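Here is how the chains run, residue by residue.
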Amino acid sequence: NAGVTQTPKFQVLKTGQSMTLQCAQDMNHNSMYWYRQDPGMGLRLIYYSASEGTTDKGEVPNGYNVSRLNKREFSLRLESAAPSQTSVYFCASSPVGRRNTGELFFGEGSRLTVL
Amino acid sequence: GDSVTQMEGPVTLSEEAFLTINCTYTATGYPSLFWYVQYPGEGLQLLLKATKADDKGSNKGFEATYRKETTSFHLEKGSVQVSDSAVYFCALIGSGYSTLTFGKGTMLLVSP
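Residue numbers (the numbering used here), protein chains in the order written: chain A, 48 to 162; chain B, 2 to 113.
Just chain B, same shape as in the assembly (with noise of 0.2 Å):
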């Protein structure tokens, strides 16, 4: 079945570091590719989506690039901030009607 694998953390950064959280998945067919955040105390939101090979998903400064041929998702931003400090969620969603399939989730820390 459809998995994700995402890097363990608790990453810490200091404010303006570069971010990294790497995402790879298994999946058949061409699923879908996202990222979520979760603020402390908060529900998920999306933060980021691509759809197919290739494509780049971007927001509030964050990006990923959908790469197939590393079946790839890797969440970057040039410059975090403390209010970036969250978990974040790398998922997809196969063909069809289907679910979303969440990896475990990435802490990351930002410190001033």
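Looking at chain A on its own, in the form it has when it is part of the complex (with noise of 0.2 Å):
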């Protein structure tokens, strides 16, 4: 079983690049989140999408966009990286149906070292 899948696994841009990390999930889960990982800060919330065709900010979602481009996929695009967003990205999906149950589904990561 695939669940969820993130690419690229591992990046590394220069200051001004551009990017687009990926992520489909392969379970018919509604919700769909970007998290980023930063030692000592735990995981922070960039944007999520409670359902297809919506998305909101999470704490940390300056410099970042999210496209959801159907039930499966939900992309986290960097337009200008700076080397602050150097960190470790999860994609992670939810069943969630009325409420939120709080059990969410992790992909592998994505590490991007921006220059």
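FYI, nobody ran anything at the bench for these hints, they're computed from the structure.
Treat the numbers as computed from the prediction; the structure is a model and nothing was measured.
Each residue gets a CB set at the ideal place from its N, CA and C atoms; glycine is no exception.
Among the clues, some could well be false.
[To be verified] Below, in silico cross-link-like pairs of lysine-lysine (DSSO-like), each with a Cα-Cα straight-line distance of 30 Å or less:
no. : chain 1 : residue 1 : chain 2 : residue 2
1   : B       : K69       : B       : K105
2   : B       : K53       : A       : K104
3   : B       : K105      : B       : K57
4   : A       : K56       : B       : K61
5   : A       : K61       : B       : K105
6   : A       : K56       : A       : K118
7   : A       : K56       : B       : K105
[Said to hold, decoys possible] Only part of the chain A face toward chain B is listed, based on derived beta-carbon distances under 7 Å:
no. : residue
8   : F57
9   : G89
10  : F137
11  : G149
12  : E150
13  : G154
14  : E155
[What the hints assert, rightly or not] Using C-beta positions, here's what the derived DEER-type ranges look like:
no. : chain 1 : residue 1 : chain 2 : residue 2 : range
15  : A       : D103      : B       : Y40       : 25 to 31 Å
16  : B       : E17       : A       : N117      : 48 to 54 Å
17  : B       : S96       : A       : A129      : 33 to 39 Å
18  : A       : M74       : B       : G2        : 37 to 43 Å
19  : B       : L110      : A       : M88       : 19 to 25 Å
20  : B       : A18       : A       : L162      : 38 to 44 Å
21  : A       : E126      : B       : A18       : 45 to 51 Å
22  : A       : L162      : B       : S80       : 44 to 50 Å
23  : A       : S114      : B       : V83       : 40 to 46 Å
24  : B       : S15       : A       : R158      : 30 to 36 Å
Two chains, each in its own frame: build the complex with the hints.
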């Protein structure tokens, strides 16, 4: 079972370059999320999509944009990368019904380095 | 707003030792509480959860009890194994539709 698949797994960018992180889930989940993980900071929510067609800002949205392409796919775009965006990025999905149960399924992560 | 505080790590134990990782929270209403685990090089996965006061979540020998009076959800295991070495995250979600709030994580290192 694929679950949540993220690409690429590793990426090195120069300051000012742009890139898109792709995420797809095959579990027919309604909600999808993008987190970043930094040492000593835990996981911080960047953006989320509660359902197809909607997106909302999380705790640290500045410098990022997202697209919920369809129910399966949720991409994260860095328009002009900065060294402060060096991090490990995780995509997650959740089978939300009326209420978010908090049970998330995570991808394996994408390690991004901005020089 | 909601917040989760975990003990700082790393926690270093010998195999078969008893484990406690402390977690306290601040939230309005009646949140649900979770422990997630991240093994090296992997994404997070749900370890256990509790949805109301005095509930005990358990999985793979790990347990945690939802204590509303002390706003705590400490993770325990009676006898750890080397394979339990990972980062453990405490998390909560509030009422209605909201998103998970994570603690900063606690690294556990178990030596043979």
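Evaluated hints:
Restraint check for B/K69 and B/K105: the C-alpha separation of about 21 Å stays at or below 30 Å, so the hint holds. For the suggested pair B/K53 and A/K104, the alpha carbons sit about 28 Å apart, so the restraint of at most 30 Å is met. Restraint check for B/K105 and B/K57: the C-alpha separation of about 22 Å stays at or below 30 Å, so the hint holds. Restraint check: the Cα-Cα separation between A/K56 and B/K61 comes to about 29 Å, which is no more than 30 Å; the hinted pair holds.
Between A/K61 and B/K105 the alpha-carbon distance is near 28 Å, which keeps this suggested pair within the 30 Å criterion. Between the alpha carbons of A/K56 and A/K118 the distance comes to roughly 22 Å, so the proposed pair stays at or under 30 Å and holds. Only pairs whose Cα atoms come within 30 Å are accepted, and A/K56 paired with B/K105 is accepted, the gap being roughly 23 Å. The closest approach between the C-beta of A/F57 and any C-beta of chain B is roughly 12 Å, which is over the 7 Å cut-off, so the hint fails.
Residue-level restraint check for A/G89 holds (minimum Cβ-Cβ distance to chain B is 4 Å; threshold 7 Å). At a threshold of 7 Å, the smallest CB-CB gap from A/F137 to chain B is about 6 Å, leaving the interface hint in force. The criterion of a C-beta within 7 Å of any C-beta in chain B is met by A/G149, whose closest approach is roughly 4 Å, and the hint holds. Hint status for A/E150: holds, given a least beta-carbon distance of 6 Å to chain B, under 7 Å.
At its closest, the beta carbon of A/G154 sits 5 Å from a beta carbon of chain B; the interface hint therefore holds under the 7 Å criterion. The criterion of a C-beta within 7 Å of any C-beta in chain B is met by A/E155, whose closest approach is roughly 5 Å, and the hint holds. Taking 25 to 31 Å as the suggested C-beta distance range, the pair A/D103 and B/Y40 conforms, at roughly 30 Å. Remark: the range hint 48 to 54 Å for B/E17 to A/N117 is upheld by a beta-carbon distance near 49 Å.
In this structure the hint that B/S96 and A/A129 lie 33 to 39 Å apart at CB holds, the actual value being about 36 Å. The hinted range of 37 to 43 Å is not satisfied by A/M74 and B/G2, whose Cβ atoms lie roughly 29 Å apart. Roughly 20 Å separates the CB atoms of B/L110 and A/M88, a value that falls within the hinted 19 to 25 Å. Here the CB-CB span from B/A18 to A/L162 is close to 42 Å, well matched to the stated 38 to 44 Å.
For the pair A/E126 and B/A18, the supplied restraint of 45 to 51 Å holds, since their beta-carbon distance comes to about 49 Å. The beta-carbon spacing between A/L162 and B/S80, approximately 45 Å, falls within the hinted interval of 44 to 50 Å. At about 42 Å, the CB distance of A/S114 to B/V83 agrees with the hint of 40 to 46 Å. Hint check: B/S15 to A/R158, Cβ distance near 31 Å, so the stated range 30 to 36 Å holds.
Checked against the numbered hints above, the structure breaks hints 8 and 18 and satisfies the rest.
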